[in-house]
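Peer 1: In case you want the letters, here they are:
Number of protein chains: 2
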Amino acid sequence: MPPAPLPRTNPAGSVAEPGATHPAGPFTQAERDAVYRAIETRRDVRGEFLARPLPDDVLLRILEAAHHAPSVGLMQPWNFILVRDLDARRRVHATFERRNAEAAAMFSGERAERYGALKLEGILTAPLNICVTCNRSRGGPVVLGRTHQRDTDLYSTVCAVQNLWLAARAEGVGVGWVSIFEPDDLKPLFGLPEEVEIVAYLCVGYVERLYDRPELEARHWAVRLPLSEVVFDERWRAPSALTVD
Amino acid sequence: MPPAPLPRTNPAGSVAEPGATHPAGPFTQAERDAVYRAIETRRDVRGEFLARPLPDDVLLRILEAAHHAPSVGLMQPWNFILVRDLDARRRVHATFERRNAEAAAMFSGERAERYGALKLEGILTAPLNICVTCNRSRGGPVVLGRTHQRDTDLYSTVCAVQNLWLAARAEGVGVGWVSIFEPDDLKPLFGLPEEVEIVAYLCVGYVERLYDRPELEARHWAVRLPLSEVVFDERWRAPSALTVD
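Residue numbers (the working numbering), protein chains in the order written: chain X, 1 to 245; chain F, 1 to 245.
Honestly, I wouldn't trust all of these hints.
[What the hints assert, rightly or not] Computed Cβ-Cβ distance ranges for the label pairs, DEER-style:
#1 F:50 - X:124: 49 to 55 Å
#2 X:124 - F:28: 31 to 37 Å
#3 F:223 - X:141: 14 to 20 Å
#4 X:141 - F:183: 19 to 25 Å
#5 X:141 - F:117: 18 to 24 Å
#6 X:182 - F:233: 22 to 28 Å
#7 X:85 - F:57: 45 to 51 Å
#8 X:57 - F:94: 49 to 55 Å
#9 X:90 - F:182: 40 to 46 Å
#10 F:117 - X:233: 32 to 38 Å
#11 F:225 - X:119: 33 to 39 Å
#12 F:239 - X:91: 19 to 25 Å
[To be verified] Subject to a maximum C-alpha distance of 20 Å in a straight line, what follows is the list of computed EDC-like cross-link-like pairs (lysine to aspartate or glutamate):
#13 X:187 - X:85
#14 F:187 - F:151
#15 X:187 - X:87
#16 F:187 - X:151
#17 X:187 - X:151
#18 F:187 - F:85
#19 X:119 - X:97
#20 F:119 - F:97
#21 X:187 - F:233
#22 X:119 - X:102
#23 X:187 - X:197
#24 X:119 - X:182
#25 F:119 - F:102
#26 X:187 - F:234
#27 F:187 - X:233
#28 X:187 - F:151
#29 X:187 - X:97
#30 F:187 - X:234
Since the hints were derived computationally from the structure, they do not count as laboratory data.
On a predicted model such as this, the values are computed, not experimentally measured, just so you know.
All C-beta atoms, glycine included, are put in the ideal place defined by N, C-alpha and C.
Turn these sequences into a full structure, and let the hints steer you where they fit.
Peer 2: Encoded structure:
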């Protein structure tokens with residue numbers, strides 16, 4: 001049976017039912033400002049976590065936000081493993097230290113010196129770590145929308161991470177994404193089966209202050225690109241009328 | 001020279017400078033509601049685009065939001081190719097049609113029939129398509145944070161897509177992510193060099209109404225998982241005290 005056509009009206013007071021819709025209009029100016037504030041003031045937090053634990057209601061709201069991410073074929077391939085146990089975090093931290101030493105050795109000269117001075121994780125200082133995984137077999141062998149691009153399930157999981165990060169910002173909670181691991185370092189620590197991949201390892205906790213700019217920019221490690229360098233019209237490298245004066 | 005320590009205060013009226021910070025506290029209730037509204041009412045739009053073009057200021061704000069995404073090592077590997085040309089979109093659409101026929105053949109029985117009835121893209125009806133790419137060589141051979149997980153640049157680009165999507169929702173603009181392509185189908189159409197990958201192909205335009213629930217849920221293609229199935233404590237499959245009553 002073909003699906004019902006999209007109804008164009010949603011009677012006031014009706015409960016959500018298949019096909020129910022709501023107006024798609026723009027948010028108020030104040031609401032838009034709030035969304036942009038979250039996007040523009042979100043930071044990758046490494047070294048400034050407070051020990052104070054997150055209340056359950058705050059953490060639930062942040063996880064619900066993550067779980068509202070888009071996913072290919074509504075696959076919802078993500079899981080969020082809440083890691084508070086200090087011994088577990090010590091094992092993760094030891095792994096990070098080993099891999100970070102390897103990473104440091106890939107830089108040379110002044111760059112290597114500056115790399116060594118950067119604080120890149122808050123695994124032990126943040127009261128909560130979240131291991132975000134992607135179950136690549138969820139949804140069965142054929143997933144709508146994933147037939148030609150197998151990694152779209154990983155991308156869906158990243159969308160969940162970004163939702164979580166923005167919700168955390170709105171709640172006054174800092175998040176840092178640690179990526180200096182080999183995935184196989186961590187999988188056995190959490191008992192992950194073969195088909196489950198780690199997409200992100202997050203350090204989560206309250207912070208007092210945030211940098212006005214990305215920390216790597218503030219510390220002169222890298223520079224922000226102007227928007228005109230990342231927007232093109234129609235073809236690669238064709239400057240956009242939108243961003244070029 | 002080691003970086004300066006993180007200043008704990010940000011004198012009122014000072015301009016942004018390396019190390020300047022601002023309070024990380026929670027947003028007001030109204031601001032949080034706005035962020036959660038964007039997250040919860042964002043939808044993947046396929047079939048209901050209006051022809052009305054986006055004003056430049058709206059599109060600029062959405063692209064700025066994308067460009068404020070987190071990126072590994074501040075790599076900012078993303079580009080946004082604005083595709084309005086109808087001939088170009090026709091070529092993309094023809095590619096989609098071919099791959100979608102292949103996809104349909106992967107389903108069988110009642111599932112195949114229902115797949116065929118789904119509208120999965122708005123390439124020609126949306127006034128704007130955005131091809132979102134990841135330049136894998138940007139930032140040079142060694143990128144901070146990408147030393148052990150090479151695909152974190154792709155993940156950064158996905159964060160930009162999710163920022164764009166949420167900003168668009170706040171602006172009343174619909175976005176649909178089309179993934180039924182082989183990347184090599186599209187790369188030559190936009191002149192992309194070898195090292196640049198397509199992460200997302202987006203259809204963008206105004207819409208009148210949005211589904212209350214994900215369209216694939218509303219159409220009974222897939223079901224939403226309860227939060228308790230995606231949150232674990234400490235280890236894989238260990239039910240979380242947070243979500244289990």
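Peer 1: Now tell me, hint by hint, if it's right for this structure.
Peer 2: Cross-check of the supplied hints:
Checked against the given bound of 49 to 55 Å, the beta carbons of residue 50 (chain F) and residue 124 (chain X), roughly 52 Å apart, stay inside it. Between residue 124 (chain X) and residue 28 (chain F) the CB atoms are about 32 Å apart, so this pair conforms to the stated range of 31 to 37 Å. Between residue 223 (chain F) and residue 141 (chain X) the Cβ separation comes to about 18 Å, which falls inside the hinted range of 14 to 20 Å. The hinted range of 19 to 25 Å is satisfied by residue 141 (chain X) and residue 183 (chain F), whose Cβ atoms lie roughly 21 Å apart.
Distance hint check: the CB atoms of residue 141 (chain X) and residue 117 (chain F) are about 21 Å apart, consistent with the given range 18 to 24 Å. The beta-carbon spacing between residue 182 (chain X) and residue 233 (chain F), approximately 24 Å, falls within the hinted interval of 22 to 28 Å. For the pair residue 85 (chain X) and residue 57 (chain F), the beta carbons lie near 49 Å from each other, so the given range of 45 to 51 Å is met. The beta-carbon spacing between residue 57 (chain X) and residue 94 (chain F), approximately 50 Å, falls within the hinted interval of 49 to 55 Å.
At roughly 45 Å, the beta-carbon separation of residue 90 (chain X) and residue 182 (chain F) lies within the given 40 to 46 Å, and the hint holds. Roughly 35 Å separates the CB atoms of residue 117 (chain F) and residue 233 (chain X), a value that falls within the hinted 32 to 38 Å. Distance hint for residue 225 (chain F) and residue 119 (chain X): a CB-CB separation of about 36 Å, consistent with the stated range 33 to 39 Å. Residue 239 (chain F) and residue 91 (chain X) have their C-beta atoms about 22 Å apart, which keeps the hinted 19 to 25 Å range intact.
Between residue 187 (chain X) and residue 85 (chain X), the direct Cα distance comes to roughly 16 Å. Compliance with the 20 Å bound is thereby established for this hinted pair. With a CA separation close to 19 Å, the supplied pair residue 187 (chain F) and residue 151 (chain F) stays within the 20 Å bound. With a C-alpha separation of about 16 Å, the suggested pairing of residue 187 (chain X) with residue 87 (chain X) holds against the 20 Å cut-off. For the given pair, residue 187 (chain F) sits about 17 Å from residue 151 (chain X) by alpha-carbon distance, which is consistent with the 20 Å threshold.
A distance of roughly 19 Å separates the Cα atoms of residue 187 (chain X) and residue 151 (chain X); the hinted pair therefore holds under the 20 Å criterion. A distance of roughly 16 Å separates the Cα atoms of residue 187 (chain F) and residue 85 (chain F); the hinted pair therefore holds under the 20 Å criterion. Using a Cα cut-off of 20 Å, the hinted pair residue 119 (chain X) and residue 97 (chain X) holds, with the two alpha carbons roughly 11 Å apart. Distance hint between residue 119 (chain F) and residue 97 (chain F) is fulfilled; the C-alpha atoms sit about 11 Å from each other, no more than 20 Å.
Between residue 187 (chain X) and residue 233 (chain F) the CA atoms are separated by roughly 15 Å; this keeps the pair inside 20 Å, and the hint holds. Using a Cα cut-off of 20 Å, the hinted pair residue 119 (chain X) and residue 102 (chain X) holds, with the two alpha carbons roughly 15 Å apart. This hinted pair checks out: residue 187 (chain X) and residue 197 (chain X) have alpha carbons roughly 8 Å apart, not beyond 20 Å. Using a Cα cut-off of 20 Å, the hinted pair residue 119 (chain X) and residue 182 (chain X) holds, with the two alpha carbons roughly 19 Å apart.
Under the criterion of a C-alpha separation no larger than 20 Å, the hint pairing residue 119 (chain F) with residue 102 (chain F) is consistent with the structure, at around 15 Å. Pair hint residue 187 (chain X) plus residue 234 (chain F) holds up; C-alpha atoms about 12 Å apart against a cutoff of 20 Å. Proposed proximity of residue 187 (chain F) and residue 233 (chain X) is supported: the alpha carbons are some 15 Å apart, at most 20 Å. Proposed proximity of residue 187 (chain X) and residue 151 (chain F) is supported: the alpha carbons are some 17 Å apart, at most 20 Å.
Under the criterion of a C-alpha separation no larger than 20 Å, the hint pairing residue 187 (chain X) with residue 97 (chain X) is consistent with the structure, at around 17 Å. Pair hint residue 187 (chain F) plus residue 234 (chain X) holds up; C-alpha atoms about 12 Å apart against a cutoff of 20 Å.
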